Amino acid sequence: MWNERESPLRIEKRFNFEQYSKISKFIGKIEKLCKERDIYPNISFGKNFVSFSIFLDNNEISDKEKEFSKDIDKFYLED
1256 MWNERESPLR
1266 IEKRFNFEQY
1276 SKISKFIGKI
1286 EKLCKERDIY
1296 PNISFGKNFV
1306 SFSIFLDNNE
1316 ISDKEKEFSK
1326 DIDKFYLED
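Quick note on our numbering: the sequence shown kicks off at 1256 and runs consecutively.
Note that these hints are calculated values from the structure, not bench results.
As the structure is a prediction and not an experimental result, all values here were calculated from the model.
Glycine included, C-beta positions come from ideal geometry on N, C-alpha and C.
Calculated pairs, PhoX-like style, for lysine-lysine (alpha carbon to alpha carbon, straight line, at most 20 Å):
#1 K1290 - K1329
#2 K1268 - K1284
#3 K1290 - K1280
#4 K1325 - K1290
#5 K1268 - K1321
#6 K1329 - K1284
#7 K1280 - K1268
Just the calculated beta-carbon pair ranges, DEER-fashion:
#8 L1311 - E1273: 28 to 38 Å
#9 S1276 - S1317: 31 to 41 Å
#10 E1259 - L1288: 15 to 25 Å
#11 L1288 - N1258: 12 to 22 Å
#12 K1329 - Y1275: 15 to 25 Å
Kindly produce the complete structure, drawing on both the sequences and the hints.
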């Protein structure tokens, strides 16, 4: 589940990985998705995790952002 935060308004989620090598593959998929959807989240990662923050332009999560976050979840489940 994506967490909604305020100041500034955003949704966030952390994905955990058992192997660092899977992080690179996951981020590669996300890079293509960002270009396709024209959404560029803040991404941070470490040895065994990737975190996303998607900053919202409106006072609510748009359908575009909902679909984007669902696709990220799908990519994670594939690995």
